[in-house]
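**Student:** Under the numbering used here, the first residue of the sequence shown carries the number 1, and numbering increases by one thereafter.
By construction, these hints were calculated from the structure, which means they are not laboratory data.
Since the structure is predicted, the reported quantities are computational estimates derived from the model, not experimental observations.
We treat Cβ as the ideally placed atom computed from N, Cα and C, and that holds for glycine.
Check each hint, because a few of them may be wrong.
Stated by the list, open to error - Pairwise CB distance ranges, derived in the manner of DEER restraints: (1) 140 with 256: 39 to 49 angstroms; (2) 3 with 74: 25 to 35 angstroms; (3) 202 with 55: 50 to 60 angstroms; (4) 57 with 344: 35 to 45 angstroms; (5) 243 with 305: 12 to 22 angstroms; (6) 356 with 321: 31 to 41 angstroms; (7) 304 with 55: 53 to 63 angstroms; (8) 356 with 14: 34 to 44 angstroms.
Said to hold, decoys possible - As a list, the in silico SDA-like pairs of lysine to any residue whose alpha-carbon atoms are at most 20 angstroms apart: (9) 35 with 67; (10) 35 with 54; (11) 35 with 50; (12) 35 with 18; (13) 35 with 71; (14) 35 with 173; (15) 35 with 248; (16) 35 with 10; (17) 35 with 317; (18) 35 with 14; (19) 35 with 140; (20) 35 with 24; (21) 35 with 244; (22) 35 with 23; (23) 35 with 9; (24) 35 with 55; (25) 35 with 247; (26) 35 with 25.
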Amino acid sequence: MENFFAGWPDPLMMNSGQSVVSLAQWSARRAEMVKILVPALYGALPPPPEQTRCTLLHAGRAVQPGGANLHTYRVEVNGRQTFTLRLTLAHDAFRAPVILNGDGCWGYATQEVIGAIVRRGYAFAQFNRTELLSDVAENGWQQTRCDALEGFTGGAISAWAWGYQRAVDAILQIPQLDAQRIGIVGHSRGGKAALLAGALDERIAITAANNSGAAGAGSYLWQAPGSETLGDLLDRFGFWLAPEAGRFSETGPALPFDQHFLKALIAPRALLCTEALQDLWANPQGSWLTHVAAQPVFDLCDASRHNAIAFRDGGHAHTLADWCSLLDFADAVFSHADLPEGFNRCPYPALPSVWRR
Numbered sequence: 001m002e003n004f005f006a007g008w009p010d011p012l013m014m015n016s017g018q019s020v021v022s023l024a025q026w027s028a029r030r031a032e033m034v035k036i037l038v039p040a041l042y043g044a045l046p047p048p049p050e051q052t053r054c055t056l057l058h059a060g061r062a063v064q065p066g067g068a069n070l071h072t073y074r075v076e077v078n079g080r081q082t083f084t085l086r087l088t089l090a091h092d093a094f095r096a097p098v099i100l101n102g103d104g105c106w107g108y109a110t111q112e113v114i115g116a117i118v119r120r121g122y123a124f125a126q127f128n129r130t131e132l133l134s135d136v137a138e139n140g141w142q143q144t145r146c147d148a149l150e151g152f153t154g155g156a157i158s159a160w161a162w163g164y165q166r167a168v169d170a171i172l173q174i175p176q177l178d179a180q181r182i183g184i185v186g187h188s189r190g191g192k193a194a195l196l197a198g199a200l201d202e203r204i205a206i207t208a209a210n211n212s213g214a215a216g217a218g219s220y221l222w223q224a225p226g227s228e229t230l231g232d233l234l235d236r237f238g239f240w241l242a243p244e245a246g247r248f249s250e251t252g253p254a255l256p257f258d259q260h261f262l263k264a265l266i267a268p269r270a271l272l273c274t275e276a277l278q279d280l281w282a283n284p285q286g287s288w289l290t291h292v293a294a295q296p297v298f299d300l301c302d303a304s305r306h307n308a309i310a311f312r313d314g315g316h317a318h319t320l321a322d323w324c325s326l327l328d329f330a331d332a333v334f335s336h337a338d339l340p341e342g343f344n345r346c347p348y349p350a351l352p353s354v355w356r357r
């Protein structure tokens, strides 16, 4: 175990070779890591807009589980139609913490899930990330995009992450919600987008990714049997990533990073990865290792408990148990409490639990 992480890029070592031992140095190192990771793998996100406008279209009273209200908003960027945001919240909500999800295209958030979220005191906001940029594998790079993304040539994950950021713009304009307590979550490809959005947007207090796999929480340097490689992802869904990412296929140069870099960018804010033990394609072993490898950054930032991971039995799905793990984590973060039992337990005895190089 002593040299398990030998060869893994060190998030706490500057490009110059100098060790990072202070928060001031970490700020500089963080900027370096963004430049190393984002253009190479995902492609640059579209620039922040001059204006994001959130307009209420409909206020449904007591139409959701538990008598919650359902509000529908139109979100426009620089005066151009972008996407619809749906918000479920208690009828008496005041400065409520909010969970934002971009997987409206899949319907993972069932009425049971939404009811559980609202009963725990949270609002639930959801948009359909494919309204920004479509997700049709057969179309490759010829995806449909919203008016606000006209001319955008980057990868779909970057576009979807930008969508999360614009949804945060909208949340900040809704007075019933607490701007300081925003959590975002996505599943699978949506989890990849949520991780990227959370890594780059410091307004997001909690970032959560469920079964996010390659280009998400999974490792490239540790490919467990049956797990998706970067080459697999490029072959099937190359348009999700930067146009230049193809050079990092199995036959190309080695990546100068692994996904612990992406996780570390979130520190000192909070991160939760929820994984399924039988979802081998999403490389839960690799997600454990990137969790361990990112921990020194959270420790440096005096945010050790903000780096969390939870495993469950089962396969590739966004289950009620995953949502409840997120709510338990959010309760702990927002109340400055200890994590409940079950988090940060390694289910792989042969893998290390501490970063050593």
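**Student:** Each hint needs a verdict: does it hold in this structure or not?
**Tutor:** How the hints compare with the structure:
| no. | hint | verdict |
| --- | --- | --- |
| 1 | 140 with 256: 39 to 49 angstroms | violated, 26 angstroms |
| 2 | 3 with 74: 25 to 35 angstroms | violated, 55 angstroms |
| 3 | 202 with 55: 50 to 60 angstroms | violated, 26 angstroms |
| 4 | 57 with 344: 35 to 45 angstroms | holds, 42 angstroms |
| 5 | 243 with 305: 12 to 22 angstroms | violated, 38 angstroms |
| 6 | 356 with 321: 31 to 41 angstroms | holds, 32 angstroms |
| 7 | 304 with 55: 53 to 63 angstroms | violated, 41 angstroms |
| 8 | 356 with 14: 34 to 44 angstroms | violated, 20 angstroms |
| 9 | 35 with 67 | violated, 46 angstroms |
| 10 | 35 with 54 | violated, 31 angstroms |
| 11 | 35 with 50 | violated, 23 angstroms |
| 12 | 35 with 18 | holds, 18 angstroms |
| 13 | 35 with 71 | violated, 38 angstroms |
| 14 | 35 with 173 | violated, 31 angstroms |
| 15 | 35 with 248 | holds, 16 angstroms |
| 16 | 35 with 10 | holds, 15 angstroms |
| 17 | 35 with 317 | violated, 32 angstroms |
| 18 | 35 with 14 | holds, 12 angstroms |
| 19 | 35 with 140 | violated, 26 angstroms |
| 20 | 35 with 24 | holds, 18 angstroms |
| 21 | 35 with 244 | holds, 14 angstroms |
| 22 | 35 with 23 | holds, 19 angstroms |
| 23 | 35 with 9 | holds, 14 angstroms |
| 24 | 35 with 55 | violated, 35 angstroms |
| 25 | 35 with 247 | holds, 17 angstroms |
| 26 | 35 with 25 | holds, 16 angstroms |
Hints 1, 2, 3, 5, 7, 8, 9, 10, 11, 13, 14, 17, 19, 24 from the list above are not met by this structure, while the remaining hints are.
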